[in-house]
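Read top to bottom, the protein sequences are chains A and B. My numbering puts the first residue of the first sequence at 362, with every later residue one more than the last. My numbering puts the first residue of the second sequence at 362, with every later residue one more than the last.
FYI, nobody ran anything at the bench for these hints, they're computed from the structure. Hints are supplied without guarantee of correctness; some may be wrong.
DMTMM-like mimics (lysine to aspartate or glutamate), calculated; alpha carbons at most 20 Å apart, straight line [claimed, not checked]: (1) B:553 x B:523; (2) A:543 x B:536; (3) A:543 x A:523; (4) B:543 x A:536; (5) B:543 x B:523; (6) B:543 x B:431.
Label-pair ranges, simulated between beta-carbon atoms [what the hints assert, rightly or not]: (7) A:530 x B:437: 37 to 47 Å; (8) A:409 x B:562: 35 to 45 Å; (9) A:581 x B:454: 35 to 45 Å; (10) B:513 x A:512: 50 to 60 Å; (11) B:482 x A:483: 53 to 63 Å; (12) A:581 x B:512: 22 to 32 Å; (13) B:486 x A:549: 49 to 59 Å.
The beta carbon of each residue, even a glycine, is placed where N, CA and C say it ideally should be.
Next come the chains, spelled out residue by residue.
2 protein chains.
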Amino acid sequence: MSSPGTGMNALVGVGVGPGDPELVTARAVRALREADRVVAPASAVDAVGRAESIVRQACPDVPVERLAFEMAPGPARDRALGQAAGRVVELLDAGLQVAFVTLGDPNVYSTFPTLAAVVRAQRPATTVETVPGITAFQALAAQAGTVLLTGTERLHLVTALDGPGAVARALVDPDAAVVVYKGGRHLPAIAKALAAAGRLDGALVGELLGLPGERVTSVADAAAAPASYLATVVVPPAGSAGGSR
Amino acid sequence: MSSPGTGMNALVGVGVGPGDPELVTARAVRALREADRVVAPASAVDAVGRAESIVRQACPDVPVERLAFEMAPGPARDRALGQAAGRVVELLDAGLQVAFVTLGDPNVYSTFPTLAAVVRAQRPATTVETVPGITAFQALAAQAGTVLLTGTERLHLVTALDGPGAVARALVDPDAAVVVYKGGRHLPAIAKALAAAGRLDGALVGELLGLPGERVTSVADAAAAPASYLATVVVPPAGSAGGSR
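Just need the whole structure built from these sequences, with the hints factored in.
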């Protein structure tokens, strides 16, 4: 936050964590309060998204403008992204400092960098900043009592957007904790890959963390059906104390 | 926080982020205030550690008891750990709820899980909980304007405690962001490994993030000499927009 509230052309990506409003940092709250306009992604302009619902709880007095986004790749997503960026440019041109709310952390698998790049292509002088946020895998590990890393183990953070291939590759390293994002749809295949690697024991899946409908359970128990898009899977290093606390 | 303030035998590991007191979450503040006793690791009982200094700023009214820890592996560290755990057991036996402060996140390369395991070995009924915290790599990425992950890239989080070998192995994957913890001492060798992999451009190192003496610079510029123990190195995926914002 080099120049908050100065009215300069600034776009700030603000991470608000995975769901629980208590996991929002003081800096994120300040960034939301100091912005002239807070915008949040939503599936439609008349639908309250997860990020907006966190802002409503953490900063009830801060109004949020929704920008419609499309999750599935394709022309509809590109069009929505262009429209959202156009709206941000309008706000910046009006001299407003804009805060864009993201779930988790804006630099870890969020929409923010892509949006910021489109905005910067049109308004190169825009200052872009980010405020880090607690990620879903950290909240899941804390809630489930799973130690991810203690000594010299490694952590591999992968997505399963394209299927379980990236998960299988990460499992090659037995001393690495593996975190899988956006793998809900492929959960049965992920469970199969974990079982084949002898890593199903202790592996956890979490959905809607900190929100109504939250589910935290073992991958083994959830493997029969797909989970939701933003489900998070955490696999402790092989032979670690993870999950045994 | 299943049973805060109930006086049950509970030990809570509280992540307070890498240094800036504004990066502490509301839940961490609550856990510190609700604990009967807040303890923090320090290099000596008469030295204020980083974690304690964050608590002093985020919760000035919360007193902190120091537990002497030893960083270097060996008998001195084991002895210090045993003494620290013994003190925690004393506090728990007195019916106090104890909060142990950690830099960053208690489940990601912190001392807390090891301490908690020693305590649980002596008092198996102790409830152990953690509160997640912003990690140093997230703060570094935000501060430097480095996007770590957008689409289906991966992130490898490794330590360089044993030298640059783990870094070199992680660099094999060009589409992965690589984060190196505890690599200060080996920074010249890490820079060499990055250069050999064509990944030196855009790689950043940060020290004392959010604290007096903070340094955030390119690895190329810092490679001539060792950095400090807790230095963090961030390497964006090859060919990404990382660092170009």
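Hints, verified against the model:
1. Distance hint between residue 553 of chain B and residue 523 of chain B is fulfilled; the C-alpha atoms sit about 16 Å from each other, no more than 20 Å.
2. Straight-line distance between C-alpha atoms of residue 543 of chain A and residue 536 of chain B comes to about 18 Å, which keeps the hinted pair within the 20 Å bound.
3. As the CA atoms of residue 543 of chain A and residue 523 of chain A are separated by approximately 10 Å, the hinted pair is consistent with the 20 Å bound.
4. A threshold of 20 Å between alpha carbons decides the hint, and for residue 543 of chain B with residue 536 of chain A the separation of about 18 Å falls inside it, so the pair holds.
5. For the suggested pair residue 543 of chain B and residue 523 of chain B, the alpha carbons sit about 10 Å apart, so the restraint of at most 20 Å is met.
6. Our distance criterion of 20 Å between C-alpha atoms is met by residue 543 of chain B and residue 431 of chain B, whose separation comes to about 15 Å.
7. The hinted window of 37 to 47 Å between residue 530 of chain A and residue 437 of chain B holds, with their beta carbons roughly 40 Å apart.
8. Under the hint 35 to 45 Å, the C-beta atoms of residue 409 of chain A and residue 562 of chain B, about 42 Å apart, fit the expected range.
9. For the pair residue 581 of chain A and residue 454 of chain B, the supplied restraint of 35 to 45 Å holds, since their beta-carbon distance comes to about 37 Å.
10. Taking the beta carbon of each, residue 513 of chain B and residue 512 of chain A are about 29 Å apart, not inside 50 to 60 Å as hinted.
11. Residue 482 of chain B and residue 483 of chain A have their C-beta atoms about 60 Å apart, which keeps the hinted 53 to 63 Å range intact.
12. For the hinted restraint 22 to 32 Å between residue 581 of chain A and residue 512 of chain B, the CB-CB distance of approximately 29 Å keeps it satisfied.
13. The hinted range of 49 to 59 Å is not satisfied by residue 486 of chain B and residue 549 of chain A, whose Cβ atoms lie roughly 37 Å apart.
Comparing the model with each earlier hint shows violations of hints 10 and 13; every other hint is respected.
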